[in-house]
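Visitor: For the sequence shown, our numbering gives the first residue as 418, with consecutive numbering after it.
It is possible that part of the hints are untrue.
[Unchecked claim] Each computed EDC-like pair below joins lysine to aspartate or glutamate, with the alpha-carbon atoms no more than 20 angstroms apart:
1. Lys545 <-> Asp587
2. Lys672 <-> Asp587
3. Lys457 <-> Glu443
4. Lys492 <-> Glu482
5. Lys591 <-> Glu542
6. Lys490 <-> Glu463
7. Lys492 <-> Asp512
8. Lys457 <-> Asp522
9. Lys672 <-> Asp634
10. Lys490 <-> Glu466
11. Lys672 <-> Glu619
12. Lys490 <-> Glu443
13. Lys492 <-> Glu548
Simulated from the structure, these hints should not be mistaken for laboratory data.
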Amino acid sequence: MSSGLHNGRVAIVTGAGSGIGKSTTERFISEGGSVVAVDKDDDFFEWAESHGNIFPIAGDITQSEVNLHAVTKAKEVFGGLHAAVFNAGVSARGDLIESEMELFDRTMTVNVRAVVLGIRSVVPELLKTGEGGAIAVTASTSGLRGDPDLWAYNTSKAAVINLVRATAVDLGPKGVRVNAVCPGPTETGMTERAISDVESYESLRRRMPLQRWGTPDEIASVISFLISTQASIVTGAVVTADGGMSANAGQFLPKEN
């Protein structure tokens, strides 16, 4: 049953074909909204087109024209734009000294530059809503700490967290809110490698006071709130959704229940 939280509202969601992006899209439309769903491939089109209030786009979000095209379709198909969720991203693993710099460049391009392009594309249309509009960015707890061999990913997510803070300061006077969500270990396609490795999966689970991995639906619920009018005073926030993992100093594992 729809809560009506997003009745009549329109959002752009990137990385919408799977994981957190797909769950966010499903939650937004279940609450009365419409979504321009963007992903790099068209594999998700059949699913998207089975819903009358999703318009799918396949494209590379590191290209300005793809972001602008999404805004155009939001206007043409649904009549405007109220929110944007920049969720698409890539992970990157490699030795700091031995890895090619292309690893770093690609990670920063997708995880940071594409978000800048997205924000620049949506703001002019968000300003026409009368409510200011809202932007949410999927960051990561890896942007708050360091991880072995994830230096490029850590750097990109730390950068996007401060990008959110800076843009919240710049866009606040215009009424546009910008917030970040930092998921911890979450069962998505991006974490398949860790999920399939029992030792890695259990190691991460034990570091979470709630003693379990998160689900895409749980992260989507946080994002849905942040881009809703119920969060009208919230901007520049960095919300951790990590089962309490970042609250732990790391010296000791939480007690097992």
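Visitor: Each hint: holds or not?
Guide: We went through each hint and held it up to the structure:
1. Lys545 <-> Asp587: 17 angstroms, holds
2. Lys672 <-> Asp587: Measuring from Cα to Cα gives roughly 43 angstroms; hence the hint is violated.
3. Lys457 <-> Glu443: Distance ~18 angstroms between lysine 457 and glutamate 443 Cα, so the pair holds.
4. Lys492 <-> Glu482: Between lysine 492 and glutamate 482 the Cα gap is close to 15 angstroms, so the pair holds against 20 angstroms.
5. Lys591 <-> Glu542: Status holds; Cα separation ~12 angstroms.
6. Lys490 <-> Glu463: Distance ~18 angstroms between lysine 490 and glutamate 463 Cα, so the pair holds.
7. Lys492 <-> Asp512: 44 angstroms, violated
8. Lys457 <-> Asp522: 18 angstroms, holds
9. Lys672 <-> Asp634: Roughly 26 angstroms between the alpha carbons, so the hint for lysine 672 and aspartate 634 is violated.
10. Lys490 <-> Glu466: 15 angstroms, holds
11. Lys672 <-> Glu619: 14 angstroms, holds
12. Lys490 <-> Glu443: 19 angstroms, holds
13. Lys492 <-> Glu548: It holds: about 16 angstroms lies between the C-alpha atoms, which stays within 20 angstroms.
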